[in-house]
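Engineer: So the sequences go chain by chain: A and B. The first sequence begins at 1 in the working numbering and counts up one residue at a time. The second sequence begins at 1 in the working numbering and counts up one residue at a time.
Some hints here could point you the wrong way.
Claimed, not checked - Across the chosen pairs, the derived CB separations fall in these ranges:
#	chain 1	residue 1	chain 2	residue 2	range
1	B	Lys56	A	Pro254	36 to 44 Å
2	A	Phe178	B	Ile14	20 to 28 Å
3	B	Ile51	A	Val115	52 to 60 Å
4	A	Glu140	B	Lys5	16 to 24 Å
By construction, these hints were calculated from the structure, which means they are not laboratory data. Ideal Cβ placement from N, Cα and C applies to all residues, glycine included.
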Amino acid sequence: MTELYINEKSSNKTIKYSKGKMYWGRFKHFLKELTHCRTAFLGAIIVLSFILVAIFASSISPHDPIKASIVNRLKPPFWIEGGNADYPLGTDEIGRDILSRIIYGGRISILVGLVTVGISGFIGTLLGSFAGYYRGRFDEILSRFSDLLLSFPYLIFAIFLMSIVGPGFFNLIVILCFKSWVNFFRLSRGEMISEKTKEYVEAAQALGESDIKIMFKEILPNIIHSILVLATLRVGYFIILEASLSFLGLGIQPPTPAWGSMINSGRAYMLSSWWVSTIPGIALLILVLSINLLGEGLRDILDPRLKLE
Amino acid sequence: MKGIKILERILIVIPTMLAIAMLVFVLMRVMPGDPVDKMMGESGNVSIEEIQSLKKEFNLDLPLFEQLKIFVTGIFHGDLGTSFQERRPVWNIIMEKLPATIELALGAFIFSLIIAVPIGVISAVKQNSLIDRLGMAFSFLGISAPAFWLGIILIIIFAVNLNVLPVYGRSMFASTPVHITGLYVLDSILSRNWLALKDSFLHLILPSISLGAAQASVITRILRSSMLEVLRADYVTLARTKGLSEYIVITKHALRNALIPTVTVIGLQIGTLLGGNMIIETIFGWPGLGRLVVTSIFNRDFPVIQGSVMFYALIYVTANLIVDILYTYLNPRTTL
Chain A
1 MTELYINEKS SNKTIKYSKG KMYWGRFKHF LKELTHCRTA FLGAIIVLSF
51 ILVAIFASSI SPHDPIKASI VNRLKPPFWI EGGNADYPLG TDEIGRDILS
101 RIIYGGRISI LVGLVTVGIS GFIGTLLGSF AGYYRGRFDE ILSRFSDLLL
151 SFPYLIFAIF LMSIVGPGFF NLIVILCFKS WVNFFRLSRG EMISEKTKEY
201 VEAAQALGES DIKIMFKEIL PNIIHSILVL ATLRVGYFII LEASLSFLGL
251 GIQPPTPAWG SMINSGRAYM LSSWWVSTIP GIALLILVLS INLLGEGLRD
301 ILDPRLKLE
Chain B
1 MKGIKILERI LIVIPTMLAI AMLVFVLMRV MPGDPVDKMM GESGNVSIEE
51 IQSLKKEFNL DLPLFEQLKI FVTGIFHGDL GTSFQERRPV WNIIMEKLPA
101 TIELALGAFI FSLIIAVPIG VISAVKQNSL IDRLGMAFSF LGISAPAFWL
151 GIILIIIFAV NLNVLPVYGR SMFASTPVHI TGLYVLDSIL SRNWLALKDS
201 FLHLILPSIS LGAAQASVIT RILRSSMLEV LRADYVTLAR TKGLSEYIVI
251 TKHALRNALI PTVTVIGLQI GTLLGGNMII ETIFGWPGLG RLVVTSIFNR
301 DFPVIQGSVM FYALIYVTAN LIVDILYTYL NPRTTL
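The shape of chain A in the complex, shown without the other chains (with noise of 0.2 Å):
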């Protein structure tokens, strides 16, 4: 990084062309890694085909996903007898397409996982970097805070709180990052410390960078792919967390199609349709299967150092 800086004050002009190819460079060198790993390839396309589902779920989905159809309710899936390829993974307790809520679940599953991550992503490692580059009283304040927040399973702490400000989508993405952006904190904090030590840093001071051009023009590039590492999958994380507390009712609330509160009313029916309850969950499982496996690839990848065997 030094040598660039410098080569930058030089001729800023063959500089950009250079550091253009020099990213995509690693982009290309990046993406090659990527398809030598099949798993976390794997999961690369599953995971995008997932997110291409929701984005296009008016035009794809069979059935309008909140019609109820007395008629046909309880259906069974397609293969089984007494099913038709009409709605080809059944039908749930009030009729309604099971294909279709599975793919408009898919949209508050993905949007919930990716929205928390920006924004407790985007907050926890702003203020990580502000309290590793400066220490002091403000880090020992958020410190002890994330501490004290740390001291909740998480789970436990949503609930609590969903249960105070009622459901909702907005309500559960506010209450997520309330406590997520503490593990973006935490790495960004710490490897803003240790790589605050490192000789580039130094000669940046000595050149009279400002401080906050250090902290992010010449150390978060350096410390960007452990943030994204953590980001991917916590993305699963959140997917499932949004899922049970759909579940106990205190997510999304219907008649919105949710994975977890599609799972929770197949209950009732578990003796008779076991499909309402189980199909959304393999949906669930899927996704969250593909995130991980992208995640841990693109940790073996990216930051090898936390690599298990």
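Assemble chain B onto chain A, guided by the hints.
Structural biologist: Here is chain B on its own, set in the frame of chain A:
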């Protein structure tokens, strides 16, 4: 020196719990919505006098600081307030439900060890074998599968289709053992009630598996990777060259050291176990702390929710404390 460090670590629990109590208190008050309004809002037809008397009964008419004082001094006396719904001390309600939760957590914990330790060790010893690959695949699945969904699948398979295991509650009405510790399996052994033992054990199986599966997966992975590391260490090679049998080398020399990082992970997993139990207890109708919280949420019984959350935090903090202390004994090099 070690004794002092441990004492210090124990003493930190007090300010931590106090801070948690304050946080819980402040959050309950800062969040939008008045508890009495919420409790009454759904029933409708309440006069202002009734609301006033309710507020008085639960000290909600006092200034915030006074309320905090009552709340904190109460905690030191084991007084967590009075339940809105049942009109009796929250502490008593929690104490009634606690044994069920402990029994389920122990069940899940034992299940996860029974699964994780052999698979973790074998996967490491026979790296890249079929067992290793299958074990890793299943542990990955176990991490990604939500516990509540797993519970439902187990119910559908074992209770609905095969009809071999019970799925609701802790025991059948007729075979509840005499109350000694509150742990049904233990109680029925102590009172030599073998019918109750069989019954309560069968009731424990499915909830324990659903709750313990994720933990088993995590422990398997950590144990495998630390075993792999340890097996390459010099002292293991030395033990082999001394001519010790492979079994002794693995169990006595390698496993003991590989358990050190595993213990830390188990400590971190206690939170998952506690959080998961709310959902698993709800699915299996298990009359424990988790189900108490969930039903209290629907009854808007705020003192119970507040008290249980405090209690959960206490268990979590204490469990982590125990793990920390255990860790120093397992690994003499560490200081707290």
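Engineer: Compare the structure with each hint and give your call.
Structural biologist: Hints, verified against the model:
For the pair B:Lys56 and A:Pro254, the beta carbons lie near 37 Å from each other, so the given range of 36 to 44 Å is met. Distance hint check for A:Phe178 and B:Ile14: the Cβ-Cβ separation is about 25 Å, which falls inside the suggested range of 20 to 28 Å. Separated by about 38 Å at the C-beta atoms, B:Ile51 and A:Val115 break the suggested range of 52 to 60 Å. Our hint of 16 to 24 Å for A:Glu140 and B:Lys5 holds, since their Cβ atoms are close to 22 Å apart.
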